[in-house]
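S.K.: Okay, here's what each chain looks like letter by letter:
There are 4 protein chains.
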Amino acid sequence: MSYNSFGHSFRFSTWGESHGPAIGAIVDGCPPGIALSEADIQPFLDARRPGTSRFTTQRQEPDEVRILSGVFEGKTTGTPISLMIENVDQRSKDYSEVAKAYRPGHADYSYDTKYGLRDYRGGGRSSARETASRVAAGAVARLVIPDIKIRAYVVEIGGDAIDPAHFDAAQISQNPFFCPDAKAAARWEALVDNARKSGSSLGAVVECVAEGVPAGWGAPLYMKLDAQLASAMMGINAVKAVEIGDGLGAARLRGEQNADAMRPGKDGNPHFLANHAGGIAGGISTGQPVVVRVGFKPTSSILTPVETIDRAGNATDIVTKGRHDPCVGIRGAPVVEAMMALVLADAKLMHRGQCG
Amino acid sequence: MSYNSFGHSFRFSTWGESHGPAIGAIVDGCPPGIALSEADIQPFLDARRPGTSRFTTQRQEPDEVRILSGVFEGKTTGTPISLMIENVDQRSKDYSEVAKAYRPGHADYSYDTKYGLRDYRGGGRSSARETASRVAAGAVARLVIPDIKIRAYVVEIGGDAIDPAHFDAAQISQNPFFCPDAKAAARWEALVDNARKSGSSLGAVVECVAEGVPAGWGAPLYMKLDAQLASAMMGINAVKAVEIGDGLGAARLRGEQNADAMRPGKDGNPHFLANHAGGIAGGISTGQPVVVRVGFKPTSSILTPVETIDRAGNATDIVTKGRHDPCVGIRGAPVVEAMMALVLADAKLMHRGQCG
Amino acid sequence: MSYNSFGHSFRFSTWGESHGPAIGAIVDGCPPGIALSEADIQPFLDARRPGTSRFTTQRQEPDEVRILSGVFEGKTTGTPISLMIENVDQRSKDYSEVAKAYRPGHADYSYDTKYGLRDYRGGGRSSARETASRVAAGAVARLVIPDIKIRAYVVEIGGDAIDPAHFDAAQISQNPFFCPDAKAAARWEALVDNARKSGSSLGAVVECVAEGVPAGWGAPLYMKLDAQLASAMMGINAVKAVEIGDGLGAARLRGEQNADAMRPGKDGNPHFLANHAGGIAGGISTGQPVVVRVGFKPTSSILTPVETIDRAGNATDIVTKGRHDPCVGIRGAPVVEAMMALVLADAKLMHRGQCG
Amino acid sequence: MSYNSFGHSFRFSTWGESHGPAIGAIVDGCPPGIALSEADIQPFLDARRPGTSRFTTQRQEPDEVRILSGVFEGKTTGTPISLMIENVDQRSKDYSEVAKAYRPGHADYSYDTKYGLRDYRGGGRSSARETASRVAAGAVARLVIPDIKIRAYVVEIGGDAIDPAHFDAAQISQNPFFCPDAKAAARWEALVDNARKSGSSLGAVVECVAEGVPAGWGAPLYMKLDAQLASAMMGINAVKAVEIGDGLGAARLRGEQNADAMRPGKDGNPHFLANHAGGIAGGISTGQPVVVRVGFKPTSSILTPVETIDRAGNATDIVTKGRHDPCVGIRGAPVVEAMMALVLADAKLMHRGQCG
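Chains as they are written, first to last, in our numbering: chain A, 800 to 1155; chain B, 800 to 1155; chain C, 800 to 1155; chain D, 800 to 1155.
Careful, some of the hints might be misleading.
For chains that are exact copies, the list does not tell them apart, and a pair is met inside one copy or across any two.
Lysine to aspartate or glutamate pairs mimicking EDC-like chemistry, simulated, CA-CA at most 16 Å apart [unchecked claim]:
hint : residue 1 : residue 2
1    : 874       : 911
2    : 1120      : 896
3    : 982       : 962
4    : 996       : 1055
5    : 1120      : 1055
6    : 899       : 1109
7    : 948       : 1006
8    : 899       : 1116
Honestly, the hints are just simulated from the structure, not real lab data.
Model the full structure from these sequences, guided by the hints.
M.R.: Put into structure tokens, the structure is as follows:
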């Protein structure tokens, strides 16, 4: 029972605060003999890195990862892999306001109530900065499941959704929104700009697909693959909803519409005629693409004043100055990918352990 | 790492198959000195019990629970509480068809792929019958959090939603749908009857609210209360979506709309002006009602023929005869309540352990 | 974190009290497809069963095990295996004395202090009766490691040790002491009889050897094979010491005496010239026999009066009447074997999970 | 299931190799609001630090600890505490011999067999250097149980035991052996010098006593306090035996000799007339001092040549040059203390969680 660990056979633990000297992760249970260097991790951190466009926070963090243990002569040894990222741009601003009053939507009040104190500098442990540790650990997880292709992208911002007919995977890396629909991306520029300039913020929906997951991963009943994914995704900062496959949409279908019929495939493997289930049946992968959709609330840090109370219980208003993402869901895409990789690597090792 | 356990400080493990001699649960970590007898558990099992209306499966199971350990002179002793429910109505039907072919939407194919064999009688371990064990364990959990009021109800069936303006808690126990809106319940009679008679099935959405949860439960970062709830709910049979508070709706709000503003309350406690967050901020309870919404797919067992393959890989069609719920989401309501209780009891003990 | 579970990938949980209706175990994580019936378990329970000679307690328990789940058509399905043993001979004696006063050496006082109450009938949960559940679970574990031969035997009773030169494995099943030295067994008859008749009791040392354990099981640093064995054995009722290999004897050797030198073996495998380490180096098996030695204190239930206090704190004397083993260590041998099997089955699956 | 974590409610994970850039630990689950700075940890690291006398390895490591997270304004925040110790004196020696051949008694062969590769520089992950991380984590654990006094000392080296009649706690810090008997310490100087000069090594026995542990900590049945201690101690490098209370000695007592009789104490609390049980009954603390004894084998790294094989399987001899402790058990004393503190802090929080 570790509050700050996730996974079972492949397991990671994270530490660190937004404005401490560094943040990091330990990856435990990684198979030995896998080629690993910082270069395998850095690109994923770069994708999540702040300050790369005007649509994300302007905090400048190089997010350079160091591997401190668990690798010898370029290969994993099977012992814990310690990853560390130094915090560089902890701007020496005045936090006296945040220290005194509670920012609605943030963890300020709940942390204070639970612990009796909190590190208020940049949100401390509750800052989305922690997700860099997840992305670093996720990059290691990917190497454990090299044949699985994981791709997350933003399908909706502020209620404006992509047109599935315009889905083009090649577009995802071509715009600052991880958006697979070029037209939607163009619309979102104005949308997000407007929110940012008006001191507001927007929510988003991220979809993630993992292709190449073999049938048989996950385990009944409290280690179901979908339950693990739900926990993984709901634990990301600002997430309020998780759907597998058709999700809530499935609740509106009739049984015969929702059935993923099967037929013999030309390659001898079963061929599914649909994937409403998102690749998971009874908590176990079916061999179809694993599909998860994740809803992010709008960033809670906004310039619009909000009614709140201070630590003494007095009424006040708060405006969250500083550098913030106008839409945290955008940078959520690389984090969702990382969590998918972490869940799948764990599922692979657990399955191998029990079933050989 | 147990595949069939859930929770940490308050933890339960379940066992048993749909057509084995019995099913059951062990509750571990329960505080000592709590008054407990079968009478504390039975009403919750009765609420979930099949065969009580024409809108649920006609399997007749008394679902009588026995406490085999962990209670002495009417009180919990702090040692494991073993709960057993005998299976009575395992109808001796012919399962040869299910044994041979895969029912789409069920765990047949994925279990076979994972384990190389499966108990096909009534779905074996993957049957929703297992949820009786959860409900029994949940009844014990409620006694650990006696001041918390938990209520689940169905808010939507087959896409037909209740009118929130007609919400009346007193209605929930007055109709066979756990529906808080009398008019919706009346509509659903025809809706579900129609689906049942046409050999089809419907999905549903269940909402669950826990009132009286104190601020401070749950823990960052991988033991967040919302992540625990997401895992708990997504692991229930047929669930494909979990939302906390406004859920996906929050993704369509602007930051200032989504903020749960605070004001000093008349009782000296903080007063929230809204609860978009569903009572959880940063993974920790805020003292507001905890709200979760759970989407159930339509029952996969339908009389409408569906294309599939048999174990040898040949094309065939399957019709799932037998006794089935035309809408599994309905009986999901008591299960959702149980999982809420189990998560909260665990959160209470974990919080007390760390923070005193 | 379950108080009543042991193991990780192969994991069991036990429940039940000495005088409740039944006791039992759930085995979780067992690989699928293993042939299993009650007949695979019963012989091990019979070896541990009380009442088979005058040197053990006279409680008469058939200890018949029932498999309630996890097996289909004679094979494990990969889902939890529920094992139940009914208590038959819960003699309706008067427990008022034990209820009121604390028996030194027993868990009476510590349970009362911890929980505020205790099931005093026959020791409740703290009774050695629980070890039947371990033996049942251990029988399943053996099937996971069919090529490993596990043998436990008593090497010392009341300070009277066997002569290693007289070790004869065939003798172990030929006397009521699991003693591999016929001469020692003959001496022990008088020794144990004398203790029993004088209302006293004796301690014992059990040794257990597992042959056929491949090199590479166990994992640094907090899942070391020897640390798992130490936890497994120290948790058995009445155990106060655990040694691996030469144990405390190694602390009296010089480095060169203690070294297990290696030479190329004729079969191409490394050949060790000694086994001071008991088959474990750095927490990982070396391929040599795994050797553990376990010290049992004398039975705390004796007819000799002992000074104690009652629940109100008043001075009194207590004599523990009833049916007791004059030397609990004897029946500890099958329990030690079971725990060895459980640790090794777990280690096998964990190793396979991480290292393939 | 983390291979490199220990504990449940209070839990630590370690990482790092002997010759990597650093080693460290994450402490998770620490209660909030505890005053903590590096100065609370450093003295314990200094006690374990190598190179302080000629009786320990001459590796020069300042072992300066840095707190990287989990502390804000001098107090613990309840979030993970990351502790890091840089490796300074990784002497750039030639490891080609250790890389090629297996040092008997070391983890070389078992690691290679398990993982297919190993970090051979100074033993990599299997080096006793890792115990510095335990000591650092243990220093935090002590602050969670401030009223408990923990003291470990060496009671035997190379078979030469202290005289209990000469026990003087004040002596422990007055000699390089953590020896409470001044005369024994004087004898050991010659003993250890002789072993060192002759290229040999010696074993040792360390005893540890925790005073002030309240009754009621620990939990049946697989979370017994003695089982947790056994796992904690057996997992320390070079340990081969663990005893609780009288340990193996108890196996040679009769029931009435071993009974820890009770009498009403003058302060109203129960008074025990003896402590054969080492302060634990039924796996739960009794309020008496908790006593554990730990047997360390002689250091495996010796200058005396030992027969072995190389990675190709050929016969060779090996001499382990370099800087080594002639008796690893000596520096084991601070590590044993740390593990005692870690087990007790965890037991405290677990007890509070379940029993309030």
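S.K.: For each hint, tell me whether it holds in the structure or not.
M.R.: Comparing the hints with the structure gives:
1. 874 with 911: between (43 Å within a copy, 14 Å between copies)
2. 1120 with 896: within (10 Å within a copy, 60 Å between copies)
3. 982 with 962: within (9 Å within a copy, 36 Å between copies)
4. 996 with 1055: between (48 Å within a copy, 14 Å between copies)
5. 1120 with 1055: between (52 Å within a copy, 14 Å between copies)
6. 899 with 1109: within (5 Å within a copy, 55 Å between copies)
7. 948 with 1006: Within. Shortest intra-copy distance 14 Å satisfies the 16 Å Cα cut-off; inter-copy 35 Å does not.
8. 899 with 1116: So residue 899 and residue 1116 pass the 16 Å test inside one copy only (11 Å; across, 62 Å).
Consistency note: the structure conflicts with none of the earlier hints.
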